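Student: Listed below are the residues making up each chain.
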Amino acid sequence: MDNIIIIAVVALGGLGLIAAIVLYFIASKFKVFEDPKIDEVEESLPSANCGGCGFPGCRAFAEATVKEAKENKSLEGLNCPVGGNDVMQEIGRILGLEVEQQAPLIAVIRCNGSKANSPAKINYEGATSCAFAHALYAGEGGCQYGCLGLGDCVDACDFDAIHMNPETGLPVVNDKCTACGACVEACPRDIIELRKKGPKDRRIFVSCVNMEKGGPAKKNCSVACIGCGKCEKVCNFDAITITSFLAYIDFQKCTLCRKCVEVCPTSAIWEVNFKPRKPKPPKAETPKPKEASVIETIAEAAPAIKADKENKEGPNEIKE
Amino acid sequence: MKLKNNTNMMGTVKTFALGGVHPEENKLSFNAPIEVLPLPKQAIIPIGQNLGVPSKPIVNRGDQVKVGQLIAEAGGFISANIHSPVSGKVLKIDNVIDSSGYKRPGIVINVVGDKWDESIDRSEEIKEDIELDSQEIIEKIKEKGLVGMGGAAFPTYVKLTPPPGKVADYLLINGVECEPYLTSDHRLMLEKGKEILIGAKILMKALSVDKAIIGIENNKPDAINHISELVKGFEGIKVQALKVQYPQGGEKQLIKAALNREVPSGKLPIEVGCVVQNVGTAYAVYEAVQKNKPLIERVVTVTGKGVKKPSNLLVRIGTPLQDLIDAVEGLPETTGKIINGGPMMGKALASLEIPIVKGSSGVLLMENEESKRKPENPCIRCSKCTYVCPMGLEPFLLVQASKLAMYDMAEKEMVMDCIECGSCQYTCPSSIPLLDYLRLGKTMVGANIRNRNKK
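Top to bottom, those sequences are chains P and Z.
Residue numbering for the first sequence follows the working numbering, beginning at 1 and increasing consecutively.
Residue numbering for the second sequence follows the working numbering, beginning at 1 and increasing consecutively.
Chain P on its own, in the form it takes in the complex (with noise of 0.2 angstroms):
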């Protein structure tokens, strides 16, 4: 009986060990060398899997940086908008590299065609899907432009960065945004542009992609971009450029001067978290007689129209 026990113990012992000799044998000889920096890179990113960089996953993103590092010696294009600047810096020291700081990007709604803006002129009860509703019709305020307020773009966000605001019936981008373009990529309508987030988060953008001539934009929406040209104009810093009707401004080269909003016809420049203007000295001239009759003094228009203005915003506003 012992006999049998012992028997048993030593064959698969040594089946053990042959296979076990086997075993290494072959892993040493088809051995993969990683780079044990992948795998700290790896640990120092959000760990998302986000695709906001570009590549499928973290993995492969820290595998791309360490790739880059070894052979261009550099970091260029590279960037997890999730991690932001700090991650990057982290990820150059794991690396030995110095990491350009860049500025920080958030999504930005160029879109204002609220339920006030551009009334709806059908009421549409299809399926919930902005793919769908864009395939099949115009839109409910009839811009073939605008948001059509069905939320792909907060069904994309996986940072829980963008919700639609029952009221105004736009979405509106909250301060998790990490800039990870997933909404950019689910707008059927390229409305959603990632733009820099500015210092203190002020921001100055063309709230319109409306590419129509200025009457038949106008119809449909009263904050709708006509292509007029005023900003073009009064634009110091070659910012501004108009293209098919539309203007848009690069936020590279905006200084923030705010000029372009004042001159805006139809308010469809948008500056978002600037202090609130200081209302001008009154000219010289005497007012008008029919102004002076709806309000009383300038300094009192000041506060209605800012106030105006504040009904207008919304889509893209942060509150804090």
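Calculated directly from the structure, the hints in this document are not laboratory data.
Just so you know, these numbers come straight off a predicted model, no measurement behind them.
Misleading hints may appear alongside valid ones.
[Stated by the list, open to error] Below are the DSS-like pairs computed for lysine-lysine, each with C-alpha atoms no more than 30 angstroms apart in a straight line:
#1 Z:Lys-455 with P:Lys-67
#2 Z:Lys-41 with P:Lys-218
#3 P:Lys-218 with Z:Lys-89
#4 P:Lys-121 with Z:Lys-308
#5 P:Lys-121 with Z:Lys-243
#6 P:Lys-121 with Z:Lys-403
#7 P:Lys-219 with Z:Lys-238
#8 P:Lys-219 with P:Lys-200
#9 P:Lys-218 with P:Lys-230
#10 P:Lys-219 with Z:Lys-455
#11 Z:Lys-455 with P:Lys-121
#12 P:Lys-230 with Z:Lys-92
#13 Z:Lys-347 with P:Lys-115
#14 Z:Lys-243 with P:Lys-115
#15 Z:Lys-374 with P:Lys-121
#16 Z:Lys-243 with Z:Lys-267
#17 P:Lys-219 with Z:Lys-243
#18 Z:Lys-41 with P:Lys-219
Use these hints to put chain Z onto chain P, whose structure you have.
Tutor: Same frame as chain P, but now just chain Z:
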């Protein structure tokens, strides 16, 4: 599956094998003779009227045009010429609102008088002798800008030129008109029966086939009797009565019903030796070949439960919707939706400025009560959608795949075979917008396939 056969006075009544529904027929305007609608003040002609590539305008602003003059030529293989439906002056070539509410390029003509091109034979006389040969007929059909009149607006000449190696042995003339409410094909068969049969003969000659079947649902007994009477003078053409079942007017369903042949998945009817043409197309073929008249007008049913005078109108292409509604004594106050086409497959329209195009078969003014969608409830797995699907698909599964953006799965489950008949949505007890998501799936999968083929 076995073919469901019924026998009655009209001989064997056939139908297709799989699925189908039977919505309320509501053929309100079947007794209204075709009336000619007065000319519009302004004709708006979108250049993207047919399936495929939009046409290219060849007129300029300020040009004088005659009725029947070529104003836009085909922009590619699957494309069609467009002829001026009115005489007058070209006001502008600009973006005009089309049936989707999107602004797309179109030609706007201010109507002055009614001056026709001299080459068009406008006499009432019926010309029976077919003088042209097969190739000349196809050329003529291409030149006159004919497209399928059933709704899809597929260029007719493309269907008549089968790909190499494929031979047609049957021509099917589609007089099914399975959509509820619509009666334009029905009236056309009653009033222009002889012309349709000559048109069918022309199509048979073009395809070199000697057998043709006209499929008519048996809710139109007068049309079946009338055509059966006329058909005695035409060799090789047969009338087939069909049991009322939606969507029998679909090409594949009609082929299955009339000939018991099944078109393979992803293939065209020519694969089983069939070419299907609508009765409206057959009539247009007669006019183009025998009378040299391009496709510039069509019969449109304007109907609805609240409409005072449901009518069948002969309308010039480019006439704004408003003119048609005026002709039926105005828009009823109870209207909830205006639908381009029938209630099952039609699309709601966004504006009354939208013009009639080659593919508009009807305008339905739907009552407010009927037009409202019911709130969507969760799927209860009753499988009714699968049961009624005439293509043998599983709509609930495809919809789930589309909702979750699993387009590879939707493609594997054959979403591209969906004919968008809407039977699934009609029958769904949970009021899930199945067709919406199926269309989304089809759009996305179609785009994926096109991108893949490009590479």
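Student: Now tell me if each hint is right for this structure.
Tutor: Each hint tested on the structure:
no.	hint	result
1	Z:Lys-455 with P:Lys-67	28 angstroms, holds
2	Z:Lys-41 with P:Lys-218	26 angstroms, holds
3	P:Lys-218 with Z:Lys-89	28 angstroms, holds
4	P:Lys-121 with Z:Lys-308	25 angstroms, holds
5	P:Lys-121 with Z:Lys-243	41 angstroms, violated
6	P:Lys-121 with Z:Lys-403	27 angstroms, holds
7	P:Lys-219 with Z:Lys-238	55 angstroms, violated
8	P:Lys-219 with P:Lys-200	36 angstroms, violated
9	P:Lys-218 with P:Lys-230	16 angstroms, holds
10	P:Lys-219 with Z:Lys-455	42 angstroms, violated
11	Z:Lys-455 with P:Lys-121	42 angstroms, violated
12	P:Lys-230 with Z:Lys-92	28 angstroms, holds
13	Z:Lys-347 with P:Lys-115	24 angstroms, holds
14	Z:Lys-243 with P:Lys-115	49 angstroms, violated
15	Z:Lys-374 with P:Lys-121	21 angstroms, holds
16	Z:Lys-243 with Z:Lys-267	26 angstroms, holds
17	P:Lys-219 with Z:Lys-243	50 angstroms, violated
18	Z:Lys-41 with P:Lys-219	23 angstroms, holds
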